[in-house]
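Student: Here is how the chains run, residue by residue.
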Amino acid sequence: MATLSNTQTVQVGKGIQKRDRRRRITMGAIFLVAALFIWVVFVSNLEPGVTTRFVMNPGGGSAEAADWVFPAVTYLNIIATICALLGAYQIVRGFGKFTYGVLALVSILFIFGFLSWATAGGQTNLAGLLRIMVVRAVPLTLGAMSGILCERGGIINIAIEGMMLTAAFVSTVFSSLFSNLFIGLLAGVLAGGLMGLIHGVLSIKYKINQIISGTVINIFATGITSYLSSKYIQKVQYQYLNEPGMFPQINVPVLSKIPFIGPILFSHNMYVYAMFFFVFLLTFMLFKTRWGLRLRSVGEHPKAADTLGINVFKTQYMAVILGGMMAGFGGTYFSLGSSGRFDEVMTAGRGFIGLAAMIFGNWHPVGAMGAGFLFGFFDSLSVRASLLQVPLPSEFLGMAPYLATIIVLASVIGRGHAPAAEGEPYEKE
Amino acid sequence: MEKSTENKKNSISVFWDEFSRSNLLVILLAIFTGILLGGVLVAITTNEVYDAFRVSFWGGLGTAFKTAWNTYVSLFTGSVGNPQRISAAFESGDPLTIRRAINPFFESLVQSTPYIFGGLAVALGFRAGLFNIGVEGQIFIGAATGVWAGYAITGLPTIIHIPLAMFFGALGGALWGFIPGILKAKTGAHEVITTIMMNYIAFRLVDWLLKFPMKDPNEVTPKTPWVLDSAILPRFFDSPIRFHLGFFIAILMAVAVYLLLFKTTWGFELRMVGSNPNAARYAGIKITMTTVVAMVLSGALAGMAGANEVLGVNYRLLPAFSSGYGFDSIALALLGKTHPLGVILSSLLFGFLRNGARSMQLSVGVPIDIVSILQALILAFVAAPAIIRTIYRLRESKHKEDLVSLRSWKG
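Residue numbers (my numbering), protein chains in the order written: chain U, 1 to 429; chain D, 1 to 411.
Hint data in this document are derived by calculation from the structure and do not stem from the laboratory. Every residue, glycine too, gets a C-beta built ideally from N, C-alpha and C.
Covered stretches of chain D, as calculated for chain U (at least 3 residues, CB under 8 Å):
#, region
1, 203–213
2, 381–395
Computed far set for chain U versus chain D, every beta-carbon distance over 12 Å:
#, residue
3, Ser-44
4, Asn-45
5, Ala-84
6, Lys-97
7, Gly-128
8, Leu-181
9, Gly-245
10, Ile-250
11, Phe-284
12, Leu-293
Subject to a maximum C-alpha distance of 25 Å in a straight line, what follows is the list of computed DSS-like cross-link-like pairs (lysine-lysine):
#, chain 1, residue 1, chain 2, residue 2
13, D, Lys-186, U, Lys-18
14, U, Lys-205, D, Lys-337
15, U, Lys-235, D, Lys-66
16, D, Lys-286, D, Lys-186
17, U, Lys-207, D, Lys-337
18, U, Lys-288, U, Lys-303
Required output: the full structure, derived from the provided sequences and hints.
Tutor: Structure representation (C-alpha cells):
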C-alpha cells in the first residue's frame, strides 16, 4: 500500500474523475426527473384556473398571518422550470461543492409543488405542517448526530435506537424520583453515554463486529426497558415513577412574534433550540477545530493518525461515549419533551431513521438536519393525508422518506462517502 | 498437574483439552452465563427478595436463589412440559389430557419454526458477507403474498396448493431481498440501510394491503379472508396441539441450505465472496451475481417464514402480525455460527425460550421481555468469546474466532 507507483496514482485519479462525472450527471438527471414529474403528474391533472390556499397560522400561536392564496398551475410551471434549469446546469457544468445545497433546494421546490397540487381547490395548514415537521425532526437529527460522532471516529453505530430507548427510560424514572427535569435529563444523557461505552468496549476492546455489537445493544435495550417497565412503572402502585413531567414551551422573545416563521421555529420546548445549537456546535467542532481534525483522521486513516501521535483508542472511546450521550439526549426527548411518560418501545424505530438521516446528510450535521426535516415533513404529512384533496393513502406518504433514502443512497451516495476506516477494528502494531 | 499425566495423556484429558479450546464450550458457557445473569436480574427485581434480606442475609440469598429457580422451573414447564403432569396424563389414558400435557413441547416447536427460516435467511446472507437486517420486512411481505395465494387461488388440490402458497411467500420475500441485493451490487448502496428502509416500506405496504385490496369485505377491521383448507399446512395432532408440517419444511430447507453452501461450487463461491471478496474477484467469481442471488435466496427463506405463519398457525393475516422474528433471527444466526445445523439448534433454544417465557409471565409474573435480555447477553458472549474465556480462564482457541466478516458501509 505504501508504494503506490505513479501510473497507479494517475489511474486512481482518473477513476475518481469518472466517478464524479457520473455522479454529477445522475444528480442532474434527478433534478430533470423532478421537473418532468411536476409537469406530467401535477400540472396535467389540474384545471387551469384552480387556486391553492395555504393557512399560514398553526392555530393557537401568538403571531397572525393572512392565508396565502395563489393559482396552482402558474406556480407549478414556475417551479418545474426552475428545477429543469438547475438540472440542465448540473448536467452541463455541475454545481461542484454546492451540489447538495441545490439538491436540498430542488427537494424543497418539489415538495412545495406536491403540496400545491395536493391542496389545489382546497386548503392546507402549511404553518401547522411545518411546525410539526420541526418537532418530528428533533429526535431524528439528534440521533443522526450521534451516528456522525461515532462514525467520524470510525465506529459504526446502529445502536442509536437502543441508546435512545435506554435514555428515555432512565430519564423518566430519575425525573419522576427527584421531581426535577434536569436531573432526569442528566441521567438520560449519562445512560446514553454508558451504552456508548459498552458499544466501545465490545467493538474496540473485544473487536466484535460493530454491527453485531450495535445489534446486541439494541436487543438488550429493548429487553431491559420493557422488562423494567412492565415490572414496575406501568403498574399502578409504581405510577409515581412514570410521571416525569415535560419541558415547557419557551417562546423566544421578539422572534416568536414574526408572522408564519415565529410559531414554526421559535415557540417550542428547549429540544428544538438545543437541536439547532448542537448542529452548529458539532459542525464547528468537526471542521474548524483541532479536536475535529483528529477525530476525522482516526475515522479515515487510523494508522496515519497513530503515527502522528494521536491515541486512536482513546479518540474512539471518546467518540462512542459522546455519541451515546448525544443519542441519550435525543432519547430524553421522547419522555421529557414529547409525551411526558415512558411507554414500551416508544422510540419506534426513530433511531434507525436517524441513522438513515445521517447517511442521507452525507455524514455532515447540517445535511443530517436537512434530512431530519425531510423525514419529519413526511411524518407530519402522513398524519394529515386525509385532509389533502388527492386520494393518496397515508401509508404511501409514510413510505416516501424511506423510498427517498433508498433512491438517494443508490443513485448519489453509493460507495465511498463514509469515513474510510469505518467498521474495521484498529489493531495497534 | 503431575508429570506422569502430562507425559501420557489419557483419552479423557485429551478430550478435555480439545473441548476447552473449542467453540462449542464457549457457546455452552455463553448460554449458561446468560441464563445465570438473567436469574440474577429476576432476583434483584423481586420485592420479596429485599424483604427477606431485611430479615437475614442468608435468608435473602436463599430467597433470591429460590426466585430465580422458580422462574426457570416455570420457563421449563412452560416450554417442555410438566413431567408429573405428563406422566399422570399418560396414566389416565385420556387422549385430550395427554395432548394438553405434552402441548408445551410441541408449541415450542411451532414457535421455533419461523426462527429456523429466519435464521437460515440471516445466516445465508452472512455467509455471502451481507447483513440482511430486512428479514422482518421480508417476513411481512412473504406472509402477505403467501396468504393471498392461500385464499385467492381456488380449486387446487392440497398437494399443489400448499407448495404453491409457500412458493408465493418465498417469492414475495425474494422480491424484497432482490431490491437491496441489486442496489448493493450495482450502486454500492449498503444493504444494512436499504434493508432497514425496506422494512418500513413493507410494514406500511402490508398495512395498506390489509386495509384495502386484501381486506375481507365481511370484516369491519382490516383482516384478510381465511386461507382455504387446501392451502393449510396439515397438523399432526388434534387440538390444542398446533404442531404442523411447517417444522419439517424448515428442517428440509436447512438441509438444502447446508448442501448449497458446503457441497456445491456455487456455495463455495458464495462463501468466498463473503470471506474474501478481493480473492473472489481475482478468482473470476462474479460478485454482482453472487450478491444478488444471495440476497434473493435470503429473502425467499424469510418470506417462507411469513408464509409458514399464515398457512400453519394463524390462517389469515392480521395487522398485529409483527412478531420480532426478523430481529431475533439475527441473534440466533450468529449464535448458530451461521451454520444451518447451528441455526436449527439455536432456533429451538429461542423457540423454547419464547414459548416458556409466555407461561412464565402468567405463572410467576416475570415479564416476557426477559427473553430479549437473555438473547442479548448470550449473543454478546458468543460474539466476544474473549469475555467468556477470561471469566472461565479457558485457553485460546486454535481457530480464528471470527463470527462473520462484514464490511462497513463502503461495500
